[in-house]
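Modelling step: build the complete structure from the supplied sequences, incorporating the hints.
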Amino acid sequence: MALSADESSRLAELLTSRATQVTQRWTEVMAGQLRGRLSQAELVRQVQELHRALTDALGKGAADLTAEEATELRAVLAELSRGQARQGFSATETASSIFGLKDALLAELEADQSVGTLRDYVAFSGLVDQMGLFTFESFVRTRESLIADQAEQLLELSTPVVKLWEGVVAVPLVGTLDSARAQVVMERLLQTLVDTGSPYAIIDITGVPAVDTQVAQHILKTVVAARLMGADCIISGIRPQIAQTIVALGIEFGDIATKASLADALRHVLRLTGVETSRRQPRREA
Amino acid sequence: MTSGVDLGRPQAQTVGSDEDVVRVRQLVRTVAVAVKLSLVDQTKVVTAASELARNTLVYGGGGTVEVTAVDNGRKPGIKIVFADSGPGIVDLDLALTDGYTTGGGLGLGLSGARRLVDEFDIQTAPGQGTRITVIKWSR
Ligand SMILES: Nc1ncnc2c1ncn2[C@@H]1O[C@H](COP(=O)(O)OP(=O)(O)OP(=O)(O)O)[C@@H](O)[C@H]1O
Ligand SMILES: [Mg+2]
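Read top to bottom, the protein sequences are chains A and B.
Residue numbering for the first sequence follows our numbering, beginning at 26 and increasing consecutively.
Residue numbering for the second sequence follows our numbering, beginning at 1135 and increasing consecutively.
Honestly, I wouldn't trust all of these hints.
Some, not all, of what chain B presents toward chain A, calculated at C-beta under 10 Å [what the hints assert, rightly or not]:
1) Ala1146
2) Thr1148
3) Glu1153
4) Val1155
5) Arg1159
6) Ser1172
7) Leu1173
8) Val1174
9) Gln1176
10) Ala1182
11) Gly1246
12) Arg1249
13) Glu1253
14) Ile1256
Just so you know, the hints here were simulated from the structure itself, not pulled from any lab data.
If you're wondering where the values come from, they're calculated on a predicted model, not measured in any experiment.
Just so it is clear, CB atoms sit at the ideal spot from N, CA and C, and this is done for glycine as well.
Here's what the structure looks like:
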């Protein structure tokens, strides 16, 4: 579907001699597509930039979009799709704004009904299709990386490690503890232990709906890793139904301290460290 | 979540990824609540389903899970069938032994799931896939 040298130069010629008409018509079609969600000034700027990059590429003899001469054009198209993806336009809208060039070209070629002109139009259309598809692909790539970024941010957000007390950090786990999250939890907990120099960590599972062997294994690994760094872990938030399920499954937490609530766990740690809490007076634990 | 679940029919869920295991848990929880299992029993059956669905995924190479609300005339319950056409289990007694694992797990999923439910039936043979049916009755 590549353009012949003649076709490239004829299209470059058309784009140059009819620049005003082409960009005007193209801008109109694009404005209709994007229905006022992009300012007129911005639209005009984008169309002029595209027009310039395309005319340049063709002037240098680019036969299609993959040509060396079209590097700059590809960069402009990619930039346009990235912008539109970030602004929340759809992939179809973004690609359609490129297809607006066809309308503009057709309007220019229509007057002359010769077979040669028709052939030119088909050839030009092929190039515009290529540009549209390229835009579509860049758009999707941008969206995918946006989604991946957001997923990562969510992952971070949903696994906060907080310093509860001098020497005590806590990780409240909420939701499904899949392998990806378990990895993040472990890394962040270990890092916080280093940063704060805390000898105690409380892993609170109040927000975990089901503790199966996978969740248990992730927790056990985290506890072992924390121990290697000299910190002791307490697991808290073990509700009655979870306790019964863990027992029936046969999971053993060994000598790891477990508590019903986060408050119990904190009280336990504070007593170990000799801090007196108001609810329980000095009475030492056996 | 509860809306849109027709309890009269089996609800099917394919198991091909970790997200599907989460979906199985949610589906089982919805039906368990609908047939009025206690909170403890809901948690037990959801956990059993999580184990068996993950085995279907990991060892069976994926498969399907079917969840049905059932009634034996005296009490309602939930029935779940896990089916895969993977390699099957060669030595079932061994696989059902606490701590036995070929995948670096705790080796408690299969044996533990059996203890978490009221009825447990397993059909498997080398090269024939694995089909596990469990029921938890409401008390
Ligand atoms: N659907 C299946 N198809 C084939 N083999 C299976 C299947 N389910 C279980 N097995 C075999 O039985 C063994 C024991 O399963 P079980 O679920 O008890 O332990 P695990 O999955 O290895 O570890 P865990 O479930 O504790 O994380 C598995 O390691 C595997 O070899
Ligand atoms: Mg298992």
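Consistency of the hints with the structure:
no.: 1; hint: Ala1146; in the structure: 21 Å, violated
no.: 2; hint: Thr1148; in the structure: 18 Å, violated
no.: 3; hint: Glu1153; in the structure: 9 Å, holds
no.: 4; hint: Val1155; in the structure: 9 Å, holds
no.: 5; hint: Arg1159; in the structure: 6 Å, holds
no.: 6; hint: Ser1172; in the structure: 8 Å, holds
no.: 7; hint: Leu1173; in the structure: 5 Å, holds
no.: 8; hint: Val1174; in the structure: 4 Å, holds
no.: 9; hint: Gln1176; in the structure: 8 Å, holds
no.: 10; hint: Ala1182; in the structure: 9 Å, holds
no.: 11; hint: Gly1246; in the structure: 4 Å, holds
no.: 12; hint: Arg1249; in the structure: 5 Å, holds
no.: 13; hint: Glu1253; in the structure: 15 Å, violated
no.: 14; hint: Ile1256; in the structure: 17 Å, violated
In the structure shown, a violation is registered for the earlier hints numbered 1, 2, 13, 14, in ascending order.
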